[in-house]
Amino acid sequence: MNLTDQLFPEAVVPVLVPLPADRPYSYTVPEGMVVRPGSIVQVPLGPRQVAGVVWDGPTDAVDAKKLRPITHVFDCPPLDETMRRFVDWVADYTLSPPGLVVRMALRAPAAFDPEAWIEGIEATGEEPDRITPARKRVLSAAEDAPAWSKSGLAHAAGVSTSVVDGLLKQGVFRTVRFPPPPAVAEPDTGYGRATLSEDQAKAAGDLVAAVAKASFQPLLLEGATGSGKTEVYFEAVAAALDAGKQVLILLPEIALTQSFIDRFHARFGAPPAEWHSDVPPKKREAIWRQVAEGRVRIVAGARSSLFLPFRELGLVVVDEEHDPAYKQEDRTFYHARDMAVVRASLGGFPIVLASATPSIETRVNAVSGRYAHVRLKARHGDAALPELSLVDMRRHPPARGHFVSPVLQTEIRKTLAKGEQALLFLNRRGYAPLTLCRVCGHRFQCHNCSTWLVDHRLRGVLQCHHCGFATPRPEACPECGTLDHLVACGPGVERIAEEMVEDFPEARTIVLSSDIAGGPRRLRRELEAVADGEADIVIGTQLVAKGHHFPKMTLVGAIDADLGLANGDPRAAERTFQLLHQVTGRAGRTGLASRGLIQTYQPQHPVMQALVAADPEGFYDSEIDERRRSALPPFGRLAAIIVSAETRKDAEAHAREIRKAAPEMPEIEMLGPAEAPLAVVRGRHRFRLLVEASRRAPIQAFLRETLARAPRPRGSVQLQIDMDPQSFL
1 MNLTDQLFPE AVVPVLVPLP ADRPYSYTVP EGMVVRPGSI VQVPLGPRQV
51 AGVVWDGPTD AVDAKKLRPI THVFDCPPLD ETMRRFVDWV ADYTLSPPGL
101 VVRMALRAPA AFDPEAWIEG IEATGEEPDR ITPARKRVLS AAEDAPAWSK
151 SGLAHAAGVS TSVVDGLLKQ GVFRTVRFPP PPAVAEPDTG YGRATLSEDQ
201 AKAAGDLVAA VAKASFQPLL LEGATGSGKT EVYFEAVAAA LDAGKQVLIL
251 LPEIALTQSF IDRFHARFGA PPAEWHSDVP PKKREAIWRQ VAEGRVRIVA
301 GARSSLFLPF RELGLVVVDE EHDPAYKQED RTFYHARDMA VVRASLGGFP
351 IVLASATPSI ETRVNAVSGR YAHVRLKARH GDAALPELSL VDMRRHPPAR
401 GHFVSPVLQT EIRKTLAKGE QALLFLNRRG YAPLTLCRVC GHRFQCHNCS
451 TWLVDHRLRG VLQCHHCGFA TPRPEACPEC GTLDHLVACG PGVERIAEEM
501 VEDFPEARTI VLSSDIAGGP RRLRRELEAV ADGEADIVIG TQLVAKGHHF
551 PKMTLVGAID ADLGLANGDP RAAERTFQLL HQVTGRAGRT GLASRGLIQT
601 YQPQHPVMQA LVAADPEGFY DSEIDERRRS ALPPFGRLAA IIVSAETRKD
651 AEAHAREIRK AAPEMPEIEM LGPAEAPLAV VRGRHRFRLL VEASRRAPIQ
701 AFLRETLARA PRPRGSVQLQ IDMDPQSFL
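Note that full-length UniProt numbering has the sequence shown beginning at 1, numbered continuously upward.
FYI, nobody ran anything at the bench for these hints, they're computed from the structure.
A few of these clues could be false.
Calculated cross-link-like contacts (lysine to aspartate or glutamate; reagent style EDC-like; alpha-carbon spacing at most 16 Å) [as the list claims (entries may be wrong)]:
| hint | residue 1 | residue 2 |
| --- | --- | --- |
| 1 | Lys-150 | Glu-122 |
| 2 | Lys-282 | Asp-113 |
| 3 | Lys-418 | Glu-534 |
| 4 | Lys-327 | Asp-724 |
| 5 | Lys-150 | Asp-199 |
| 6 | Lys-552 | Glu-420 |
| 7 | Lys-377 | Asp-206 |
| 8 | Lys-546 | Glu-253 |
| 9 | Lys-377 | Asp-199 |
| 10 | Lys-418 | Glu-502 |
| 11 | Lys-377 | Glu-617 |
| 12 | Lys-169 | Glu-126 |
Small disclaimer: the values here were computed from a predicted structure and weren't measured.
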């Protein structure tokens with residue numbers, strides 16, 4: 001059926017609604033209404049009205065007289081064919097209801113109608129009956145622009161709005177309406193063009209050439225921390241903008257956005273549009289609408305920005321492409337990096353994946369020739385990488401009750417004496433990961449999850465980092481009632497900060513963590529303060545490892561470097577290497593001599609040896625070979641089925657039913673069920689099944705058949721499918 005511009009009353013079209021629907025529903029098109037695939041419409045669903053998208057494909061074989069009509073067509077650019085194919089692809093790959101996927105593309109329902117025009121005033125050329133100093137200031141300010149809002153003109157002139165109202169009554173100004181302002185100013189591609197080194201210029205030329213071809217090509221931009229990857233891909237961004245295309249830059253963390261926005265502003269004379277959870281609703285609505293209209297030319301955002309309805313998208317950049325934060329693990333499970341590659345493939349344009357420590361999957365694609373491999377070999381300006389050393393904690397243990405080795409303490413003292421900064425990295429929030437009673441051994445555990453409560457000493461609470469449950473830190477043990485015998489076990493960043501204040505009382509110490517009081521805005525201010533040299537010792541979690549430029553930072557110490565190696569995650573070695581490489585790369589970025597000290601109880605571990613030998617190639621070769629021999633991604637495929645219920649019995653029983661329903665297929669094996677390492681989260685008991693398959697095996701077909709043959713979840717049982725799992729908790 002041709003769905004374009006239907007004008008007859010009995011036309012039937014499929015409409016995909018943003019609910020857990022596994023297919024579009026059929027609706028009739030009233031006489032005189034014009035719709036086409038991609039039109040955003042309002043339709044009745046039960047007793048309520050919901051927004052939906054006219055979709056492609058067949059409709060239900062139902063008499064049109066029994067169907068309900070579309071009630072409204074929004075005056076909004078339709079979702080184009082590429083976006084609709086992308087929604088279908090994501091739903092099919094992740095085994096998610098397409099209704100939940102399209103929901104991510106319809107995140108700003110208030111933007112479906114055109115933005116309201118703004119009422120303003122403009123000068124008529126008439127003179128007022130008399131000139132006062134206040135009126136003179138208004139007339140002078142009005143010369144700076146052809147039209148103003150009343151409040152804006154009054155503010156610019158430093159007068160009250162009553163002065164402007166008086167001039168309106170006399171005919172000196174008249175009321176006009178003008179279109180809403182752009183969400184962000186137009187970027188100027190020639191504004192702050194950087195002077196690139198020979199190495200950078202060659203890499204930028206490769207990226208610009210890919211943009212000029214205007215066809216699908218993935219490129220890995222790999223270079224050491226501080227090598228100027230951002231300046232290089234900015235040249236590709238400029239080329240795409242000059243070609244009349246829109247650009248999307250994906251960033252893994254909100255905390256990274258401000259430093260990135262500042263660098264972008266310096267290069268293009270205007271900031272990009274931001275898209276993340278911290279953007280106010282009104283701003284998000286304006287950005288969504290103007291992206292759809294093509295007025296916003298560039299967006300920098302979190303993974304959800306991948307589902308914005310771009311009109312002329314011509315380039316995607318995934319910065320820090322290795323970062324685990326790109327994995328969405330709620331409702332629709334997807335990896336934004338991988339889906340960005342699909343988006344570029346469907347749209348027929350290039351995508352740049354930038355990282356100093358690429359994921360194994362991306363590295364293998366580059367080595368095999370599937371991705372172009374663009375490399376930056378040295379730090380910008382010939383700044384040297386920090387000299388890395390291992391601190392064997394068995395030989396150089398810290399003092400009792402402390403966690404910083406004497407070796408690292410000595411280096412901190414030397415760094416402070418030179419007026420430089422030290423960064424201590426520990427990927428553990430709060431004060432301590434466990435609190436127990438010395439008398440009876442009681443451990444404080446979350447009431448809703450099978451995890452210990454983390455002591456947040458600064459806020460005076462014990463908190464669960466999985467469900468958010470928090471309770472005031474008690475003075476007495478709730479089990480035996482003993483006072484003042486609760487002890488914190490293990491360090492968090494707050495405890496390291498306490499140790500630094502004790503050992504270096506004269507130093508300015510600051511803690512950087514994602515749960516800092518004041519949220520992302522305060523975190524940005526703190527990061528700016530560090531960059532401006534207003535702190536001497538910085539203690540931070542993994543967010544300090546990503547993309548920050550601290551000019552005076554010359555010492556980095558990793559406190560508990562073995563932390564990430566202590567679990568059975570097949571990516572544990574890769575992630576530990578990436579994190580430690582990235583965090584030590586914060587030092588010496590402006591050419592000052594710098595050091596990185598890694599405290600470890602496993603100095604012979606291959607990850608530690610590769611780091612101190614500055615041998616990333618050796619690490620990648622070894623890790624890739626291990627993955628190949630184990631048939632793990634990218635040489636095999638994984639999928640997880642997570643079954644949860646209010647009782648352990650129900651979760652386990654349904655997981656076993658799924659296991660029994662699994663068909664026999666060559667090169668596919670289902671393992672489990674097994675109780676999840678995090679057995680209870682938010683009061684729900686969890687069991688996991690893991691599907692292992694070869695690269696060519698039809699893993700989605702296997703999962704669909706398994707779920708079709710298994711009983712439907714009953715009662716409190718819920719099911720989640722995680723393709724390409726990144727977490728095994």
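- Query: What are the numbers of the hints that this structure violates, sorted from low to high?
  - Reply: 5, 10
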